[in-house]
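Given the structure of chain W, go ahead and fit chain F onto it with the hints provided.
Protein chains in written order, with the working numbering: chain W, 1 to 113; chain F, 1001 to 1115.
Don't read these hints as lab results, they were simulated from the structure.
A portion of the hints provided could be inaccurate.
[Unchecked claim] Covered stretches of chain F, going by a simulated chain W footprint (3 or more residues, C-beta under 8 Å):
{"#": "1", "region": "1037–1045"}
{"#": "2", "region": "1048–1058"}
{"#": "3", "region": "1106–1114"}
The structure displayed is predicted, hence computed values, not measured ones.
C-beta atoms are modelled at their ideal positions from N, C-alpha and C, and glycine is treated no differently.
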Amino acid sequence: GESVGLHLPTLSVQEGDNSIINCAYSNSASDYFIWYKQESGKGPQFIIDIRSNMDKRQGQRVTVLLNKTVKHLSLQIAATQPGDSAVYFCAEKGSGSARQLTFGSGTQLTVLP
Amino acid sequence: EPEVTQTPSHQVTQMGQEVILRCVPISNHLYFYWYRQILGQKVEFLVSFYNNEISEKSEIFDDQFSVERPDGSNFTLKIRSTKLEDSAMYFCASGRWAGGTGELFFGEGSRLTVL
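Chain F with its partners taken away, still in its complex shape:
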């Protein structure tokens, strides 16, 4: 069964450092997303990506965040200068259909701990 894979599963970093989280979406999907979940809180939308550009982004996704699809398979989330409040589980998701409808497949997440 196809799945979304994410690396690393856990990253610990010092405040102010750059972090890159990587995702390999399902191969025939066209729509890609990043969500995050602070411990014990709800899953929050960060950004959606289609046709090599950002479709939508939330207020959380400020200038410190960027996304990229550097090749045909990877989808990355970069945080330029991490803050303590960036500590969270980051989920990548992909879907086949427009508008966020239909099943979104989530990866198992990358836990980011900022010290």
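Chain W with its partners taken away, still in its complex shape:
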């Protein structure tokens, strides 16, 4: 079946460094992707989204890159801060009328002092 998966379950970075979290998806018909952040004990929080007709989108300190050729999505966080420590999920939505999001497994980002 279709799936969305993450390359690494954990990532540790030094405070101030840049973080890159990767995601592979298998549904070539997916046309919309979102990155969510989930802090312990809380619900997923929207970070940034991107449509399949784009390769890159930037937000505040975050950039999402989409490579449709290899079905790969990445989230870049600039100048990582302690408050960025969380689990990060990518999610995708297929084309058509389907409204649900399919979430990946999550990557635990730990920011080291």
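Using the frame of chain W, we list chain F on its own:
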């Protein structure tokens, strides 16, 4: 800032009992969702709801599950006869736009423990 609120935050129940989880979506949103997350696993879609009816449901959402919007503000998930494997965090979400695009706002979740 508007937010999705969920109650209870934690419910412990005996296997076979009925459970109702409640959600108050953001007031001007039209699309409502339930997702669940078993401890340590990914967030899984259960059901979407629009215009007072289910739009889509996953394989998880079997006959034991139902959703309802009993009034203009609440959105509920009922599990008729809970099983051990129903233990999970249940998240309600709402959105303004069709097709699940645009930002989905998630509540903080209701943790269900089935004994």
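Hint by hint, here is what the structure shows:
| no. | hint | in the structure |
| --- | --- | --- |
| 1 | 1037–1045 | holds (count 5) |
| 2 | 1048–1058 | holds (count 5) |
| 3 | 1106–1114 | holds (count 4) |
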